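Colleague: Sequence:
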Amino acid sequence: MAANGSVDVAVIGAGHNGLIAAAYLARAGLRTLLLESRPSVGGCASTVEAVGARVNICNCDHLLVRAMPIAEELGLANHGLRYLDVDPVGINRFWDRHTPWVEWHDLDRTVEGLRRTYPAEADSYQRFVAAALPIAQLLVELAQQPPSAGAVAGVLTRRAMAARRLWAWSRRSALSLLGDFFDHEALMLPALATGPVVWGLSGAEPGTGLGALGYAMRHLVPLGRPAGGSGALTDAVSRSFVSAGGEVRCGVRAECVLADRAAGGRSRVAGVRLAGGEVIESPAVVVACDPAAVRLEGAGVPDRFGRSWGPAGRDGYESKLDAVLSTAPVYAEPADGLDAEEALTPTTFVMPGLEGLRGALGESAAGRVAEDPVFFANIPSVLDPQMRLPDGGEVFSLEVLYTPYDLAGGWGASEEPTRWLSRFGSLVLAGFAESVVDWRAMTPPSYEQQFGMPRGHAASFSGSPLSTLLGRPRHLTRYTTPISGLFCAGAATFPGAGVWGASGRNVASVVTRSF
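The sequence shown begins at 26 in my numbering and counts up by one.
There may be inaccurate statements among the hints.
What the hints assert, rightly or not - Per label pair, the in silico range of CB-to-CB distance:
(1) Ala288 x Ala390: 45 to 55 Å
(2) Pro415 x Ser173: 43 to 53 Å
(3) Arg107 x Glu230: 37 to 47 Å
(4) Thr537 x Cys281: 19 to 29 Å
(5) Glu272 x Glu440: 40 to 50 Å
(6) Pro415 x Gly477: 29 to 39 Å
Simulated from the structure, these hints should not be mistaken for laboratory data.
Bear in mind the structure is a predicted one, so any value in this text is a computation, not a measurement.
We treat Cβ as the ideally placed atom computed from N, Cα and C, and that holds for glycine.
Can you make the complete structure from the sequences, with help from the hints?
Modeller: Below is the structure:
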């Protein structure tokens, strides 16, 4: 095997988890090479130039990463990262014309608002958060260390009450769980939309109960946006990595991980081969992208593991519109006394009723988008002047869920994205359509083509609390594999998707201990 270079660790994939893992490894003194197939780092957490503006690839709201000590440990403030707090943390609106209601980081303020908008549910909300908060705290603590059996058991023993509740809630459906606390669907829908619906489910499925924790998490952790866009986080991590001696190579595709056998027949990593034939020798490789996108090759690959390397494939179901607006819209229906600018500061969640939500999932399975889609709408330039255009124009973001990869008739000639703009326009005062200067649509096929996501699906960890405790499957829960020196990180591994960074931080700890 003719090699073109050698390093201590090669990290494949420069999304936020790959970047974070590489930065920790470099700071530990390991010669670390980060490989990224796209022209720039950041993956789905990045901010890019499009439609004449800086736009976020995915939602700009960061929550769980702020529960981790990553910014402090990697010195990200010294590399340009600054968070803008988002409060209120969300506004909930409904196609069925239920009264909008507002979520704040402060629990008492949220309950006070509910006493005005849904007085019969205010005490129920308080009871729900009181029950959910210990589970949210437990999950955050579990995510802050590599989940060995001993570490997980120790945390669960110390937080026994929360652990028992976590186990019980994890086996239930989010919908039935929420129904134990709330009578009005307007209190159930936002928890479903920001939990199971983001996973491509309805929340009626058993095993989705922990998806209802969003309310508690947003009271536990302050929601924020990096000044300058979501990509300011990944740019800062990249600078931290390089300042510690790491090397980034963009525009190169890792074709396969090479494995051979050491004396005694033990499987071990030998390096990475890039498209074009270049080989990077390395005794440790971290796959921080979708494992299905990286082939395993060589005499050291166990047959059984090679067949089960990537998680089961799914179709993508999320789309996003990015637009430049000449003026900011004004919502037609006030939200609990917020003024026009306050109402544009957080993300607004727009949902059909429970029946409509179930119907939207069915429509997606049939290759269609529901008449009343699930929207996550925000205008990041209202809070963040760095996102605003020089002429005062605003940046508009609209995420649309339950949008099928295989749309009936195909996405190429579809009028669906135009219809979404029109549907959003029905929520605001007249003139929205005229304010749209330029826009683009990112659909599941777009994410596949531009980000290498098979069928446009963002991989996510789907393991249960029991599987995490037992370490099954090992490469997704413990980051290690049957091939010595091969490690797995990213959204498909514990603790899961979203801008969290726990997987990257944890795998770096596991890799460092292996040297």
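Colleague: Determine for every hint whether it applies to the structure shown.
Modeller: Now the hints, each set against the structure:
no.: 1; hint: Ala288 x Ala390: 45 to 55 Å; result: 52 Å, holds
no.: 2; hint: Pro415 x Ser173: 43 to 53 Å; result: 52 Å, holds
no.: 3; hint: Arg107 x Glu230: 37 to 47 Å; result: 39 Å, holds
no.: 4; hint: Thr537 x Cys281: 19 to 29 Å; result: 25 Å, holds
no.: 5; hint: Glu272 x Glu440: 40 to 50 Å; result: 46 Å, holds
no.: 6; hint: Pro415 x Gly477: 29 to 39 Å; result: 33 Å, holds
Hint violations for this structure: none, all hints satisfied.
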